[in-house]
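> Take a look at the letters that make up each chain.
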Amino acid sequence: MKALLDLLAAHKRYWLPPILLFVALLLWLAWKAGQAPTDPFEYRSH
Amino acid sequence: MSGDGEPGRQQQGASGGAVAPRRPSSWWRRLLIALLPLLVLLSLTELLLRVFDLGRVALPGGAGFSRGFDPAARQLVADRSQRGAWRTHLFEGRPEVFIPPRDGRRRVLLVGGSNTQLFPEELLQRLLDEAEPAGWEVINLGREGYGSRRVLNLLDEAMVLEPDVVVVYCGHNEFIERVFEQELQGVWGAPWQLWLAERLSGLRLFGLLVDALAPLHPPAALERVEPEGREIPWEETLQRYAAYEANLEALCRRAQAGGAQVVLCTLLWNVFSPPFASTWPEALPEADRAAADELRGSAQTLVPEDCRRGLRPPIRLRVQDWSNAVTARSRRPVVRLRELSGALAADGLPDDPETGAVRGALWPDPRLWNDPVLAVLSTMEALVARDLDEREQAQLVQARRMLEHALSYFPENPAAHFDLGLLCWLQGDLPGAVGELKSAANNDRSPGAANDRINAIVRSVAARLTDVVLLDVEAWLAPCTPDGLVGYETMMDACHLQPGVRGVLMHRLADELLARRGRAAPGDGPGTEVR
Numbered sequence: 001m002k003a004l005l006d007l008l009a010a011h012k013r014y015w016l017p018p019i020l021l022f023v024a025l026l027l028w029l030a031w032k033a034g035q036a037p038t039d040p041f042e043y044r045s046h
Numbered sequence: 001m002s003g004d005g006e007p008g009r010q011q012q013g014a015s016g017g018a019v020a021p022r023r024p025s026s027w028w029r030r031l032l033i034a035l036l037p038l039l040v041l042l043s044l045t046e047l048l049l050r051v052f053d054l055g056r057v058a059l060p061g062g063a064g065f066s067r068g069f070d071p072a073a074r075q076l077v078a079d080r081s082q083r084g085a086w087r088t089h090l091f092e093g094r095p096e097v098f099i100p101p102r103d104g105r106r107r108v109l110l111v112g113g114s115n116t117q118l119f120p121e122e123l124l125q126r127l128l129d130e131a132e133p134a135g136w137e138v139i140n141l142g143r144e145g146y147g148s149r150r151v152l153n154l155l156d157e158a159m160v161l162e163p164d165v166v167v168v169y170c171g172h173n174e175f176i177e178r179v180f181e182q183e184l185q186g187v188w189g190a191p192w193q194l195w196l197a198e199r200l201s202g203l204r205l206f207g208l209l210v211d212a213l214a215p216l217h218p219p220a221a222l223e224r225v226e227p228e229g230r231e232i233p234w235e236e237t238l239q240r241y242a243a244y245e246a247n248l249e250a251l252c253r254r255a256q257a258g259g260a261q262v263v264l265c266t267l268l269w270n271v272f273s274p275p276f277a278s279t280w281p282e283a284l285p286e287a288d289r290a291a292a293d294e295l296r297g298s299a300q301t302l303v304p305e306d307c308r309r310g311l312r313p314p315i316r317l318r319v320q321d322w323s324n325a326v327t328a329r330s331r332r333p334v335v336r337l338r339e340l341s342g343a344l345a346a347d348g349l350p351d352d353p354e355t356g357a358v359r360g361a362l363w364p365d366p367r368l369w370n371d372p373v374l375a376v377l378s379t380m381e382a383l384v385a386r387d388l389d390e391r392e393q394a395q396l397v398q399a400r401r402m403l404e405h406a407l408s409y410f411p412e413n414p415a416a417h418f419d420l421g422l423l424c425w426l427q428g429d430l431p432g433a434v435g436e437l438k439s440a441a442n443n444d445r446s447p448g449a450a451n452d453r454i455n456a457i458v459r460s461v462a463a464r465l466t467d468v469v470l471l472d473v474e475a476w477l478a479p480c481t482p483d484g485l486v487g488y489e490t491m492m493d494a495c496h497l498q499p500g501v502r503g504v505l506m507h508r509l510a511d512e513l514l515a516r517r518g519r520a521a522p523g524d525g526p527g528t529e530v531r
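Those sequence lines, one after another, are chains H and W. Just so we're aligned, residue 1 is where the first sequence starts under my numbering, counting upward by one. Just so we're aligned, residue 1 is where the second sequence starts under my numbering, counting upward by one.
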């Protein structure tokens, strides 16, 4: 386990950016998803 | 692990202390090191969220983030409660349609927009059961707002249900769907973002984030604001009709490829619903536009107000307006419109709990109508009564000249044709009214309902393809209204059938299905027409 952690720590400049980028992408898309209308104007309740 | 690229092995510096790790030598090792932790972390997170049943995407609801525009959006999902069962994923938290496992009954799928969604499929089921007990199964996959593009995507998925018959009543939403798609694109920006979101929608982590961010979004506007994008040039309108034709044909072919009989319906539409967009031709000078507008405006003021209120400017009714009065009235308001005949003759009909139509009419209980409905219907009453004095009639003559002049600037102007149609109607020039009102609808740049062009496409597709049954609803029901001018007696708004009409249509559909049972297998011969 320690060896694995050492390995990850040693190479974090490879794996950390993809994780951060992926999380940022998810957050950004999730924000947009919440803004999108669900139905055409004609069928909205308000 | 060993070798030059061995991760983790520390290079020894001159002092013997640890220095920077050796770089992985090959690109694929670097890629592995870059992506493996992400995939492992993601898998663990997904596993945990699923174990605790967290992160189901609740906010975007049915038909995925693309709202059904992306063929990858799942609109039907296997139902875990029963092997072979399915349920829809279409209705934003409202009850979904449960589809039981396939049995020996002939399966009928109804597909289309909100009209189809409102079809009383229980009535159709009952009528078929009465004729052939346990012989038929009716499934309604109508979804409000769906035009041919999304109906095609839905049907593509729904062929897994192995239908025997597919009934298509679709064509009112072609331009509504276009505006909605543009609105979605406006929110998402570049198409790849929506494409990617649709494909990430299976992740519970994504659902969790969508829900977590939801409270941060600004509250929905309380006022209805007309979306932009209705005013389009005529060339774009024609492109949309062409897309509809292609989609409709693809729909029929897809159903037939799955072994289903297709019943294609023409659509009934309200000629008294004003056109939605009258985009000026680009070449028309600004001064001419202003002159034509002024003539139209002046002509409108010459029409008695009780004959144009709610039409000019238009009140756009919605289906719920017919049943959401703030306080139910104790007595039914009496509205006198035109007498219908033939299949739509409502005289003597009792209240119909199966469709919701009230006694003696095709519409729902008038005690529940809201004020916009009463406003529009009182105008229609005035139009039907044509109770004009001599001065008002003289004003109509003057207004007619103005409108004809306005049309000389832009001969296809839908708004001017509509105004002229009402004038002709008030003057008792019924052939003129038919021509002008239909011209208004057929030249609408962004129609919110079907029209002659849409129905001509339906007929043409049915004639072109073999083994497609054409149920010409318009040719059958429009003549039941005086002069063939379908209005609010039959329609709730521009495109929605009154409840009683839906019931009449279900009776006809049941007759057709029963008459064709066991016949017209694909490859038997040319398409047939039913009027």
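It cannot be assumed that every hint is accurate.
Using 20 Å as the maximum straight-line C-alpha spacing, the simulated EDC-like pairs for lysine to aspartate or glutamate come out as follows [said to hold, decoys possible]:
1) W:K438 x W:D389
2) H:K32 x W:E412
3) W:K438 x W:D387
4) H:K32 x W:E183
5) W:K438 x W:E412
6) H:K32 x W:D472
7) W:K438 x W:D452
8) W:K438 x W:D472
9) H:K32 x W:D211
10) W:K438 x W:D467
11) H:K32 x W:E92
Calculated directly from the structure, the hints in this document are not laboratory data.
> Each hint needs a verdict: does it hold in this structure or not?
Here is how each hint holds up against the structure:
1. W:K438 x W:D389: This hinted pair is violated, its Cα atoms lying about 28 Å apart.
2. H:K32 x W:E412: Distance of about 40 Å is beyond 20 Å: violated.
3. W:K438 x W:D387: Cα-Cα ~24 Å, so violated.
4. H:K32 x W:E183: Given pair K32 of chain H, E183 of chain W holds - Cα atoms ~13 Å apart, limit 20 Å.
5. W:K438 x W:E412: Between K438 of chain W and E412 of chain W the Cα gap is close to 11 Å, so the pair holds against 20 Å.
6. H:K32 x W:D472: 43 Å, violated
7. W:K438 x W:D452: Given pair K438 of chain W, D452 of chain W holds - Cα atoms ~8 Å apart, limit 20 Å.
8. W:K438 x W:D472: Roughly 18 Å separates the two Cα atoms, so the pair holds.
9. H:K32 x W:D211: Distance of about 12 Å is within 20 Å: holds.
10. W:K438 x W:D467: Violated, because 31 Å separates the two Cα atoms, which is more than 20 Å.
11. H:K32 x W:E92: 18 Å, holds
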